[in-house]
Amino acid sequence: MKLPPFEYACPATLGEAVALLAGHSGEAKPLAGGQSLMPMMAFRIAQPSLLVDLRKLPGLKEIKIGADGVRLGALVRWRDILDDKRLVAAHPLLRDAVSHVAHYQIRNRGTVGGSCAHADPASEMPGIAQTCEAEISVMGKGGARTIKAADFFKGALTTALEPDEIITEIHLPAWPAARRWGFQEFARRRGDFAMAGVALYYDVDGGNVKNAHIGVIGVGDCQRRLPKAEAALNGNAVDDALAVKVGEAAAAEVDPQDDIHASSAYRRALTGTLAERALKAAAARSTA
Amino acid sequence: MTTKFEVNGKQVSVEVEPRLTLADCLRHELRLTGTHIGCEHGVCGACTVLVDGEAVRSCLILAVQAEGSKVVTVEGLSNDSDLTPLQKCFRKHHALQCGFCTPGFITTAHALLTEEPDCDADRVREVLSGNICRCTGYISIVEAVLDARQFYKGQAAKK
Numbered sequence: 001m002k003l004p005p006f007e008y009a010c011p012a013t014l015g016e017a018v019a020l021l022a023g024h025s026g027e028a029k030p031l032a033g034g035q036s037l038m039p040m041m042a043f044r045i046a047q048p049s050l051l052v053d054l055r056k057l058p059g060l061k062e063i064k065i066g067a068d069g070v071r072l073g074a075l076v077r078w079r080d081i082l083d084d085k086r087l088v089a090a091h092p093l094l095r096d097a098v099s100h101v102a103h104y105q106i107r108n109r110g111t112v113g114g115s116c117a118h119a120d121p122a123s124e125m126p127g128i129a130q131t132c133e134a135e136i137s138v139m140g141k142g143g144a145r146t147i148k149a150a151d152f153f154k155g156a157l158t159t160a161l162e163p164d165e166i167i168t169e170i171h172l173p174a175w176p177a178a179r180r181w182g183f184q185e186f187a188r189r190r191g192d193f194a195m196a197g198v199a200l201y202y203d204v205d206g207g208n209v210k211n212a213h214i215g216v217i218g219v220g221d222c223q224r225r226l227p228k229a230e231a232a233l234n235g236n237a238v239d240d241a242l243a244v245k246v247g248e249a250a251a252a253e254v255d256p257q258d259d260i261h262a263s264s265a266y267r268r269a270l271t272g273t274l275a276e277r278a279l280k281a282a283a284a285r286s287t288a
Numbered sequence: 001m002t003t004k005f006e007v008n009g010k011q012v013s014v015e016v017e018p019r020l021t022l023a024d025c026l027r028h029e030l031r032l033t034g035t036h037i038g039c040e041h042g043v044c045g046a047c048t049v050l051v052d053g054e055a056v057r058s059c060l061i062l063a064v065q066a067e068g069s070k071v072v073t074v075e076g077l078s079n080d081s082d083l084t085p086l087q088k089c090f091r092k093h094h095a096l097q098c099g100f101c102t103p104g105f106i107t108t109a110h111a112l113l114t115e116e117p118d119c120d121a122d123r124v125r126e127v128l129s130g131n132i133c134r135c136t137g138y139i140s141i142v143e144a145v146l147d148a149r150q151f152y153k154g155q156a157a158k159k
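Line order of the protein sequences matches chains F and B.
Residue numbers are given in this note's numbering: position 86 of the first sequence equals residue 86, and the series is strictly consecutive.
Residue numbers are given in this note's numbering: position 111 of the second sequence equals residue 111, and the series is strictly consecutive.
Pulled out of the complex, with its shape left as it was, chain F reads as follows:
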């Protein structure tokens, strides 16, 4: 369908953009890549009265890699992440997850900030933000603030963002070189929304797992970590039997929805299988 009518502004500074949002009493939306917002508008799920195009805002397109981790400017596109060879070492889990995002053409436009603001339960970036305990920096009329991922994502298409706030940066904590990780997701067609996906990583101390992080996407109404599955993994040496056990713990811990794509029982079983595969992949990667 054609888009409903709206006004359009393309400010040159972050301050102007925030002022435009604040001046439209919740009826305005920031426009980054538009790869989720435009379909939402075509379907009349979103009908903003004003779109504030962020493309001219300076300093939001950089990927900064330092001792404290990876800082993704809000306008960094999927393509920029996949093209940045530094991330192979600096955050391999992020790169692998992003390679599953939508399709080629979408990856040329879609942004990390847009994806987090949209907060689709099946989206990879919010899942990585949750799993990796990212911090999300935003700017609004009340000034700048930084929100932990666990407090930022509230549910399906729902975040802690105020209507006048714009995401400026997503900070992923530093990634130790020896860290082990796996990412698995399943969709019927490559690039489609995941029916379920699992991101995990852990560090190894004396042959045993510590600091296990396991996150799930596409299951239930929000990306989330699975503390019981993490507890099943922590303190143990990874072998096939443990992978099965962690998979079972993950399956038991999720609360999957029924919809036209898959039943709740199927999604639960899929989550367990993907967690098991992700853990096996992490262990295999470490010995390579």
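Treat the hints loosely; a few may be bogus.
[Claimed, not checked] Only pairs whose alpha carbons sit at most 25 Å apart, straight line, appear in this in silico PhoX-like list of lysine-lysine:
# : chain 1 : residue 1 : chain 2 : residue 2
1 : B       : Lys70     : F       : Lys2
2 : B       : Lys70     : F       : Lys56
3 : B       : Lys70     : F       : Lys61
4 : F       : Lys61     : B       : Lys4
5 : F       : Lys56     : B       : Lys10
6 : B       : Lys4      : F       : Lys56
Don't read these hints as lab results, they were simulated from the structure.
We have chain F already, so just place chain B on it with the hints.
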């Protein structure tokens, strides 16, 4: 509002409503009807065009967002006199039947082969997964794109 950008090497200035997509702007304002519109919500890939050399879905971009960029449509990838090497490969491998999706496949394949003339079959399939074709079953399209790689290798070297 007025938006100015380049289309197929020519500067254009168009008076548009903000809600007009680049796809509709190309077709209705600029009469470049080679860009086809299938789903209008970013799923089918038929409306793929190049913006600053990158393949994007023109139904998911506003015409006003294209301000200042270089747009290339399927018309910009053709010759007047003869088929291009990529088009010849599509013909040779019967990579189309009804042809509705073909402009999207040609623009997407052109962007891919320009950047990655050495791509393998897996990569071609992965990239083309963003375009829907209801006629061919895709195998002939993948074969055409793989065959066309040879014509892009020299070009990449020149850049």
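Right, here's what the structure says about each hint:
no., hint, verdict
1, B:Lys70 with F:Lys2, "24 Å, holds"
2, B:Lys70 with F:Lys56, "16 Å, holds"
3, B:Lys70 with F:Lys61, "20 Å, holds"
4, F:Lys61 with B:Lys4, "23 Å, holds"
5, F:Lys56 with B:Lys10, "24 Å, holds"
6, B:Lys4 with F:Lys56, "16 Å, holds"
Violation of the numbered hints given earlier is absent; every hint is satisfied by the structure.
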